[in-house]
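Sequential numbering of the sequence shown, starting at 82, is according to my numbering.
If you're looking for bench data, these hints aren't it; they were derived computationally from the structure.
The reader is advised that the hints may include incorrect statements.
Said to hold, decoys possible - With a straight-line Cα cutoff of 30 Å, these simulated DSS-like cross-link-like pairs (lysine-lysine) come out:
1. Lys180 <-> Lys87
2. Lys206 <-> Lys101
3. Lys186 <-> Lys206
4. Lys186 <-> Lys87
5. Lys87 <-> Lys206
6. Lys86 <-> Lys207
7. Lys206 <-> Lys129
8. Lys164 <-> Lys153
Claimed, not checked - Estimated spans, in silico, between C-beta atoms of each pair:
9. Phe165 <-> Leu195: 22 to 28 Å
10. Val198 <-> Asn105: 32 to 38 Å
11. Ile116 <-> Tyr191: 29 to 35 Å
12. Ser196 <-> Asn105: 32 to 38 Å
13. Phe102 <-> Gly200: 30 to 36 Å
14. Ser118 <-> Phe175: 16 to 22 Å
15. Val154 <-> Leu209: 32 to 38 Å
Bear in mind the structure is a predicted one, so any value in this text is a computation, not a measurement.
Think of the CB as a built atom: it goes at the ideal place given N, C-alpha and C, for glycine as much as any other residue.
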Amino acid sequence: MVFNKKVSDCGRFLDGYETKFDWNGITYYIIFLYINSDTYSVMLSSDKKRKELKIFEEKKNISFNGYEVLTKVFNIVNIEFPKFYNSNLTLVVFWADTKRRRVYKRLENYGWRLSRVDGNLCYLKKFLAQHL
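All chains should be built: construct the whole structure from the sequences, respecting the hints.
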């Protein structure tokens, strides 16, 4: 997996890292946005959204293979990025709505804990360099 640096417009500050992968013709982007010293927020996006696929006009179900994609994303976030970073690291996951919050609650089974960062609820996990 390749992690590219995201640098600010002026080119002087590290904004974070990003990577992408393709799954069934859809490109998924994972962005690790710099918050502060060794702390990054994790964001996931795709290049296609359900509303763009005209599902309702075509009257058929379209599957994004959500479980397989989430497994791949989890592997990147929980294993590959910490190994790439190779230093003490804290990853933070925020959510936009209760549906995502219910999905992210499963992170608790993998050592993530409910926390607050800047007054906002999130899931947080610390990775220590000696355990990578």
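Okay, the hints, checked on the actual structure:
With a CA separation close to 29 Å, the supplied pair Lys180 and Lys87 stays within the 30 Å bound. The suggested pairing of Lys206 with Lys101 holds, with an alpha-carbon distance near 22 Å, which does not exceed 30 Å. With a C-alpha separation of about 13 Å, the suggested pair Lys186 and Lys206 falls inside the 30 Å cut-off, and the hint holds. A threshold of 30 Å between alpha carbons decides the hint, and for Lys186 with Lys87 the separation of about 28 Å falls inside it, so the pair holds.
Taken as a hint, the Lys87 and Lys206 pair is honoured in the structure, with Cα atoms around 22 Å apart against an allowance of 30 Å. Only pairs whose Cα atoms come within 30 Å are accepted, and Lys86 paired with Lys207 is accepted, the gap being roughly 21 Å. A distance of roughly 29 Å separates the Cα atoms of Lys206 and Lys129; the hinted pair therefore holds under the 30 Å criterion. As the CA atoms of Lys164 and Lys153 are separated by approximately 16 Å, the hinted pair is consistent with the 30 Å bound.
Between Phe165 and Leu195 the beta carbon distance is about 26 Å. The supplied range of 22 to 28 Å therefore holds. Taken as a hint, the range 32 to 38 Å holds for the pair Val198 and Asn105, whose Cβ atoms sit roughly 33 Å apart. Hint check: Ile116 to Tyr191, Cβ distance near 21 Å, so the stated range 29 to 35 Å is violated. Against the hinted window of 32 to 38 Å, the Cβ-Cβ separation of Ser196 and Asn105 comes to about 34 Å, which satisfies the hint.
Between Phe102 and Gly200 the C-beta distance comes to about 33 Å, which sits within the given range of 30 to 36 Å. Here the CB-CB span from Ser118 to Phe175 is close to 19 Å, well matched to the stated 16 to 22 Å. The supplied range of 32 to 38 Å is broken by Val154 and Leu209, whose beta-carbon atoms lie about 22 Å from each other.
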